Amino acid sequence: MAEIKPRIRLDKKDVKKGDTVEVKTLVSHDMETGLRHDADGKLVPRLIINKFTCELNGKLVFECDPESAVSANPYFQFKFKPEESGTLKFTWIDDAGTTTEATETIKVS
Amino acid sequence: MGLRRVVCGMALVAAIAAATAVGSIALAESDLERPHWQGHAVKAPSKDYPIQDITSGFWFRTKDTQALQEDDFNNPGFFAVEQGEQLWAKAEGKAGKSCASCHQDAAASMKGVGAAMPKWNQRLGRPVNLEQQINICRSERMEAAPWKFGSAELTAMTTYVRYQSRGMPVAVRVDGPMTPWFEKGKALYYTRHGQLDLACANCHENNHGKYLRADFLSQGQSNGFPVYRLRDQRLVPLDERMQGCIFDVRGLPYAPLSDEFLALELYVAWRGNGLPVETPAVRN
Numbered sequence: 001m002a003e004i005k006p007r008i009r010l011d012k013k014d015v016k017k018g019d020t021v022e023v024k025t026l027v028s029h030d031m032e033t034g035l036r037h038d039a040d041g042k043l044v045p046r047l048i049i050n051k052f053t054c055e056l057n058g059k060l061v062f063e064c065d066p067e068s069a070v071s072a073n074p075y076f077q078f079k080f081k082p083e084e085s086g087t088l089k090f091t092w093i094d095d096a097g098t099t100t101e102a103t104e105t106i107k108v109s
Numbered sequence: 110m111g112l113r114r115v116v117c118g119m120a121l122v123a124a125i126a127a128a129t130a131v132g133s134i135a136l137a138e139s140d141l142e143r144p145h146w147q148g149h150a151v152k153a154p155s156k157d158y159p160i161q162d163i164t165s166g167f168w169f170r171t172k173d174t175q176a177l178q179e180d181d182f183n184n185p186g187f188f189a190v191e192q193g194e195q196l197w198a199k200a201e202g203k204a205g206k207s208c209a210s211c212h213q214d215a216a217a218s219m220k221g222v223g224a225a226m227p228k229w230n231q232r233l234g235r236p237v238n239l240e241q242q243i244n245i246c247r248s249e250r251m252e253a254a255p256w257k258f259g260s261a262e263l264t265a266m267t268t269y270v271r272y273q274s275r276g277m278p279v280a281v282r283v284d285g286p287m288t289p290w291f292e293k294g295k296a297l298y299y300t301r302h303g304q305l306d307l308a309c310a311n312c313h314e315n316n317h318g319k320y321l322r323a324d325f326l327s328q329g330q331s332n333g334f335p336v337y338r339l340r341d342q343r344l345v346p347l348d349e350r351m352q353g354c355i356f357d358v359r360g361l362p363y364a365p366l367s368d369e370f371l372a373l374e375l376y377v378a379w380r381g382n383g384l385p386v387e388t389p390a391v392r393n
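As given, the protein sequences belong to chains A and B, one line each in that order.
In terms of our numbering, the first sequence opens at residue 1 and continues consecutively.
In terms of our numbering, the second sequence opens at residue 110 and continues consecutively.
Honestly, the hints are just simulated from the structure, not real lab data.
Treat the hints with caution; some may be incorrect.
Simulated restraints, written as ranges between beta carbons of each label pair [said to hold, decoys possible]:
id, chain 1, residue 1, chain 2, residue 2, range
1, A, R46, B, S210, 20 to 30 Å
2, A, K81, B, E179, 46 to 56 Å
3, B, Q175, A, E63, 39 to 49 Å
4, B, D284, A, D14, 48 to 58 Å
5, A, K81, B, A261, 32 to 42 Å
6, A, K42, B, Q342, 18 to 28 Å
7, B, N230, A, N50, 31 to 41 Å
Predicted model, so just to flag it, every value in this text is computed and none were measured.
Backbone N, C-alpha and C fix where the C-beta goes; we use that ideal spot for every residue, glycine too.
Okay, chain B solo, but in the shape it has when bound (with noise of 0.2 Å):
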């Protein structure tokens, strides 16, 4: 009895191995493959990295998606790094002022910015993100009316700034008065929300390089934001996609630019130290 059983699970071992080894070769070409996303990892400067291979949303998506992001013409994003351009230059306001009038070529003074947000705040007693800063200027430097977050202009001044530091590693500072926010970063990002009582870790922790449905979860690296979402078809910021995250699980979102998602920001960006910021990315 007892070899019989050995025999028939050793035939159903060879079987499932006969089968897997087929069906991996018919599907090596194929665009239903599943992405290839280890070998790209950046290491984690240190051992308290909770994730010591950090690799990219773009080794999550398929080679289209990739393809998309890497020619600077095909990228729909760059349509926004082309209107912050413009904004850039553009005088608003009663200080009669554009950004350009301060800070003169982009290129040069905006370089690393991006890469570094959200930093500390010595005058507010806050980590401010690029958007609050972008606000910051124009209404109390160019005394304009601040821009509305999720609009086009405030999204494409992101962009664009952001884009300055494309390539340069990501690098925020979570120490010295950053620490309670990174602290309370840390605790959202481990906090069970929603009717589906879901973690951020819980998918891009535990089980980045799976499918969740139809979806093959990615790191949840912010990296490339804000980020040319083929599903909206729009650049997208990052507070908007983390409300998205909330809204999946069926919670209750935080308000874009809110304490809570600041210090998230200021945590996953930590998450991500290391990695190249690819603004504008392109993702599903």
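With the rest of the complex left out, here is chain A (with noise of 0.2 Å):
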């Protein structure tokens, strides 16, 4: 089965420069605390996203490193002054090392 996309929502993607765009996200991710245990007592591991960047044609624009407390299918929202066009790319990476990314094309004149 497919994986569910990370939800990317800008406020506006086509901007003058000098203006700021709004950026909601949301993403898919159960969240394990490392703090909870199973049927049979065992404790189940940690696995959280410990990360989650957002960078325009490489350059970062955003990054923030959640502890274990982050709320599962977490909702990031930001806001910056894009100063070029091009690329957004998001990124998401969890304690398997597994990383979800999806990208946003922006417009700035």
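Combine both chains into one complex, guided by the hints.
Here is the structure:
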């Protein structure tokens, strides 16, 4: 079964230099805190998203290092002023090294 | 003696009134404010309904929870809708069919289906809910293995199908052959269960709009199911939630998809006839 794609929403994709863009993201992840026990009483190991980054044309725009209290299916929202047109790349990395990526294009005139 | 007591009494009443007035102004903008659930009711279809002002669980939750549901982007329940959409098109089983092979576009073929479940199944001679109908299609039409209750796939498909009825009024039929099941559901709803000796009605009919410890009681409607529960951070089907209710009163829960839960599902859906389907709703 195909992966459920993360959701990205930009309030504007075509902006003038100096404008602020608001980015909303939602990704699907169960997030194990590492504190739960399974039905046999064994500790379920921690498996959380520990890094979220957003890059514009390879340059870092936003970075977040969640800790174990992060919610499942986390929603990240931030604002930034894009300097140039190009590709916004969003990356979520979890403890197992599983990387989820999504891209959006943005035009700055 | 009598006059002094009366004067003391009036002073006490005045003091309480003043304290309440100040208290309510201070709390007005706080997140701790009791949800304003009144005034959002759907009028019951007839006088037979025990609750005349039928109100969705949506109105018993905080504004933050409501905001999560109102925005399809923010609502994490939509991950299950997307998963269901993928499963809809996926061929499985010996017959080599997918749901789409017979039902084509779900948005057209499934519109209204979720709002009318559980429905009477003439061939089986019993009511059937959405999970059961999906598995009937899988095992008989697709010749594929039925999905286990509570599995991500079954919950996702149930959510996806019921989502096609979103906004439509719940409209279950309880007449004709459904009557004995309706009566059984009603009897169960008013039967006290468990060590805490509580019936569904004790909380949801008699005390909705009040706090049960830290829980703000709703009318216990099923119009939003399967529901994204913040507590579980996933979609929860109705029978699982009802198991939880019986567990909470320290009783032995009925098995999911049992006769008892089917009867209860039917009765509870009837109590909410007219409410808009909100699947996937967001609740505590």
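Going down the list of hints, with the structure as the test:
The hinted window of 20 to 30 Å between R46 of chain A and S210 of chain B is violated, with their beta carbons roughly 42 Å apart. Checked against the hint of 46 to 56 Å, the C-beta distance between K81 of chain A and E179 of chain B comes to roughly 29 Å, which is inconsistent with it. With their beta carbons about 31 Å apart, Q175 of chain B and E63 of chain A fall outside the hinted range of 39 to 49 Å. In this structure the supplied range 48 to 58 Å holds for D284 of chain B paired with D14 of chain A, their Cβ-Cβ distance being about 57 Å.
A C-beta distance of roughly 40 Å is found between K81 of chain A and A261 of chain B, which places it inside the suggested range of 32 to 42 Å. At about 21 Å, the CB distance of K42 of chain A to Q342 of chain B agrees with the hint of 18 to 28 Å. For N230 of chain B and N50 of chain A, the Cβ-Cβ distance of about 49 Å falls outside the hinted range of 31 to 41 Å, so the restraint is violated.
Checked against the numbered hints given earlier, the structure breaks hints 1, 2, 3 and 7 and satisfies all the rest.
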